[in-house]
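Asker: Given the coordinates of chain L, work out where chain A should sit on it, guided by the hints.
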Amino acid sequence: MARAVTPRRKALFTMIAWAIGLVIFFPILWTILTSFKTEAQAISDPPVFLFFDWTLENYSVVQERSNYMRFLWNSVIIAGGSTLLGVMIAVPAAWSMAFVPSTRTKDILLWMLSTKMLPAVGVLYPIYLIFIELGLLDTRTGLVIVLMLINLPIIVWMLYTYFKEIPGEILEAARMDGATLKEEILYVLTPMAIPGIASTVLLNFILAWNEAFWTLNLTAAKAAPLTAFIASYSSPEGLFYAKLSAASTMAIAPILILGWFSQKQLVRGLTFGAVK
Amino acid sequence: MATKASRSAARLMMAPAVILLMGWMLVPLVLTVFFSFKKYLPLRGDRWQNGLDWVGFDNYVRFVSSSSFWPAVQTTLIIVLGVLIITVSLGVLLALLLDQPMWGQGIVRILVIAPFFVMPTVSALVWKNMFMDPNNGLFAHLWQFFGAEPVSWLSEASLPSIILIVSWQWLPFATLILLTAIQSLDSEQLEAAEMDGAPILSRFGHIVLPHLGRAITIVILIQTIFLLSVFAEIFVTTGGAFGSRTLTYLIFQRVLESQNVGLGSAGGVYAIILANIVAIFLMRIVGKNLDT
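Protein sequence lines correspond, in order, to chains L and A. Under our numbering, residue 260 is the last one in the first sequence; the count climbs by one each step, no gaps. Under our numbering, residue 322 is the last one in the second sequence; the count climbs by one each step, no gaps.
Looking at chain L on its own, in the form it has when it is part of the complex (with noise of 0.2 Å):
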């Protein structure tokens, strides 16, 4: 049963969200807008918004100057690989304890969920000194196993979340048909899995690029992600605004592009399946 909307009340509600969501995302529009001015019309008084000389001049510049590209390297190779080593570990996990749960496995899982709530910066100095003592510090492998393990428990519940929606009997009839327990996850469960898998890669993925402790705390040069390239800019050096916001539009734009494809997923992994 549809309420009925009166065009009346339609229009008005269409307005006012359309502007408070202007509002909302105005701080990330005029970044992009700025990132094509030139520094001058960056800081111009009166500023201006649409009407000016577009250029591309200021992506070139901060690809130059500051090798914009092996930070995103960087990024890529740390968000993508701890993403991808925890959902290795995490599926093997989720799947047995949504399949062959016991007494135990709601304590397991809540206990995961508790190391995730442990403050960084309480274990920041042991961190740091195990990364010195095994030269793990400024490297991309050190950086993909923290990341890797902030985010294990979020990517542990939400395949567990996800793997709880499959119908169990199915596992079970392929069991009878004498299916080994590889073939049953291999061809079975994996296939049925896949959406699920594939957000929980997606929003892993977008936590660990945006990531801003660990990343700025155990990186200097070498490893260095954009979280900390763009940190860099807190110097005098942020105030060439063009400057500054073609290298952020650049860090952002890939993360945004993935976003609005896992706002869903994004309830799911980030209230541990207690909102749905």
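Treat the hints as calculated values from the structure; they're not laboratory data. Predicted model only: the values in this text are computed from it and were never measured. Be aware that a few hints might be false.
[To be verified] What the simulated footprint calls covered on chain L by chain A, stretch by stretch (three residues with Cβ under 8 Å from a Cβ of chain A suffice, anywhere in the stretch; the number is not a length):
1. 170 to 182
2. 189 to 196
3. 244 to 254
[What the hints assert, rightly or not] Distance windows between CB atoms, simulated:
4. Arg(-7)(L) <-> Ala271(A): 43 to 53 Å
5. Asp216(A) <-> Leu94(L): 26 to 36 Å
6. Trp133(A) <-> Ala204(L): 30 to 40 Å
7. Leu215(A) <-> Ser28(L): 47 to 57 Å
8. Asn80(A) <-> Asn51(L): 39 to 49 Å
9. Leu111(A) <-> Phe10(L): 22 to 32 Å
10. Asn165(A) <-> Met176(L): 51 to 61 Å
11. Pro179(L) <-> Leu56(A): 31 to 41 Å
12. Gln130(A) <-> Leu40(L): 39 to 49 Å
13. Trp133(A) <-> Leu94(L): 24 to 34 Å
14. Pro175(L) <-> Asn165(A): 53 to 63 Å
15. Val181(A) <-> Asn51(L): 31 to 41 Å
Glycine included, C-beta positions come from ideal geometry on N, C-alpha and C.
Answerer: Just chain A now, with coordinates in the frame of chain L:
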């Protein structure tokens, strides 16, 4: 039907994740607790290999009695509460609005959610330079346009500025979760109330808000855990100056900037205890919802 064989296989498959997380939790935790009872100043030649002096609860006492402790606690509380109040109240309103029929709903939702996907260092720097800069920031232009004196936001009003930046980042999260919860609300119940002539405010107070109660609790708990450890936003805007030093930032400075590891570790233990108090409530709610 779990057989014995599949049970042991299950245990084996769970092992890597459990062992890794166990190590990730226990090793640094034990080291932090260990260092918190030691005098450990790497810059003055202390090496863990040579053994460290045991100082008992000295670091714990000193961390709490230092003149920066209570201001840091206060700053932390102001930021966490400020962001929670803004994001939850605006989040409820926005979620209600986005649930209404309108043209281009999908696009509006994307506009509202977008800030969540912006990395913290980018949003902090964009706000700091392009909006809050007292000379060239948009706010300065806006103030001048109305004939007011531009404000140097991050030094004169550091906390409201940081609260604004962090709220902008977290409002999408609150909105999205509350919207999901609203959409699961039985619309027939609302229509019945509407037909019975219940005014809009009482419909909101008696049907919508109670229904949202759990989602709001979850938003508050999850955000609190993340907000207690806000870092990058302070790191790139004020660097902890102008009264914006939170507990997290204070510990970071003790540990990495002044390299007083013992003292910083004692602070770390306090932070862990604090986070766990919040976590216990969250885990209860999540646990209740979990049927294995």
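Asker: If a hint holds in the structure, say so; if it doesn't, say that too.
Answerer: To see whether the hints hold, each was checked on the structure:
1. 170 to 182: violated (count 0)
2. 189 to 196: holds (count 4)
3. 244 to 254: holds (count 5)
4. Arg(-7)(L) <-> Ala271(A): 43 to 53 Å: 49 Å, holds
5. Asp216(A) <-> Leu94(L): 26 to 36 Å: 30 Å, holds
6. Trp133(A) <-> Ala204(L): 30 to 40 Å: For Ala204(L) against Trp133(A), whose Cβ atoms are near 50 Å apart, the range 30 to 40 Å is violated.
7. Leu215(A) <-> Ser28(L): 47 to 57 Å: At 48 Å between Cβs, range holds.
8. Asn80(A) <-> Asn51(L): 39 to 49 Å: 41 Å, holds
9. Leu111(A) <-> Phe10(L): 22 to 32 Å: 26 Å, holds
10. Asn165(A) <-> Met176(L): 51 to 61 Å: Holds, at about 58 Å.
11. Pro179(L) <-> Leu56(A): 31 to 41 Å: 35 Å, holds
12. Gln130(A) <-> Leu40(L): 39 to 49 Å: 40 Å, holds
13. Trp133(A) <-> Leu94(L): 24 to 34 Å: The hinted range 24 to 34 Å is violated for Trp133(A) and Leu94(L), with Cβ atoms some 44 Å apart.
14. Pro175(L) <-> Asn165(A): 53 to 63 Å: 59 Å, holds
15. Val181(A) <-> Asn51(L): 31 to 41 Å: 37 Å, holds
Of the numbered hints given earlier, the model fails hints 1, 6 and 13; all others are met.
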